[in-house]
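Produce the complete structure using the sequences and hints provided.
The numbering of the sequence shown is my numbering, which starts it at 1 and goes up by one.
Because the hints were derived from the structure by calculation, they are not lab data. Treat the hints with care, since some could be wrong.
The following label-pair restraints were derived from C-beta to C-beta distances [as the list claims (entries may be wrong)]: (1) Thr44 with Ser125: 11 to 21 Å; (2) Gly159 with Tyr42: 51 to 61 Å; (3) Ile41 with Ser118: 10 to 20 Å.
Every residue, glycine too, gets a C-beta built ideally from N, C-alpha and C.
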Amino acid sequence: MAKQWLPLTRRVVFRVVTSFSLIVLGLAAHMIAQTNANFSIYFTFDAFAVATSVITICTLPAMLIIDSLRRGAVTSFIFVELIWLGILWVLWLTSAALSASAISGVDCNVSASLSVPSWFVTGCSEAKVITAFGWLIWFALSGYLVALLVLSITAHNNGSPVWKSSVRDATFQVAPANVDLNGALGTSRETKHQQEQAYPPQTTLPYTPTTYAPTAITTV
1 MAKQWLPLTR
11 RVVFRVVTSF
21 SLIVLGLAAH
31 MIAQTNANFS
41 IYFTFDAFAV
51 ATSVITICTL
61 PAMLIIDSLR
71 RGAVTSFIFV
81 ELIWLGILWV
91 LWLTSAALSA
101 SAISGVDCNV
111 SASLSVPSWF
121 VTGCSEAKVI
131 TAFGWLIWFA
141 LSGYLVALLV
151 LSITAHNNGS
161 PVWKSSVRDA
171 TFQVAPANVD
181 LNGALGTSRE
191 TKHQQEQAYP
201 PQTTLPYTPT
211 TYAPTAITTV
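If you want it as structure tokens, here you go:
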């Protein structure tokens with residue numbers, strides 16, 4: 001069952017995460033351009049979001065393309081995928097936390113009613129969108145990572161390690177073991193025969209009673 005839905009889930013998650021990363025990249029780059037043009041500075045969470053988005057956009061589509069063109073590629077190994085997605089998981093968690101901390105307590109509607117520049121109001125709304133998409137990406141990676149890790153550990157414990165297989169080629173279900181009853185019985189019979197040769201059974205001879213003829217007694 002996992003062999004059917006897990007590869008599809010992988011493609012969907014990778015494409016959704018890549019699309020959301022493009023949105024985050026565009027919004028964060030626009031905020032950096034605005035703050036740099038007006039104050040010659042930029043926010044840390046914007047720079048971190050840009051870097052994380054670029055890394056994600058450059059790697060996830062490449063992993064999908066390599067996996068579709070070549071079987072057995074190192075980048076498609078499950079243990080490599082778990083490590084790299086774990087790194088992206090940490091990066092997106094940090095990015096979402098930084099942006100959420102930067103806009104905590106800021107009400108964009110109140111800022112719009114005050115006499116503030118329009119680019120500030122736009123930047124406030126963009127920061128909230130960056131935060132929302134950052135958390136969405138993190139949740140998507142979390143769900144796929146947990147599913148892949150649990151299935152891989154289960155397969156390993158059942159005697160079918162899949163760490164050096166790709167998701168589309170991995171077998172997460174273990175085939176039932178075939179027991180050769182004839183071989184087992186043959187071994188048992190052979191062992192019994194060897195024991196009989198080493199310790200031959202004792203034969204019991206039939207009992208034959210002995211009769212004695214009477215002896216004549218002579219008196220003098």
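The hints, checked one at a time:
{"no.": "1", "hint": "Thr44 with Ser125: 11 to 21 Å", "in the structure": "holds, 19 Å"}
{"no.": "2", "hint": "Gly159 with Tyr42: 51 to 61 Å", "in the structure": "holds, 53 Å"}
{"no.": "3", "hint": "Ile41 with Ser118: 10 to 20 Å", "in the structure": "holds, 19 Å"}
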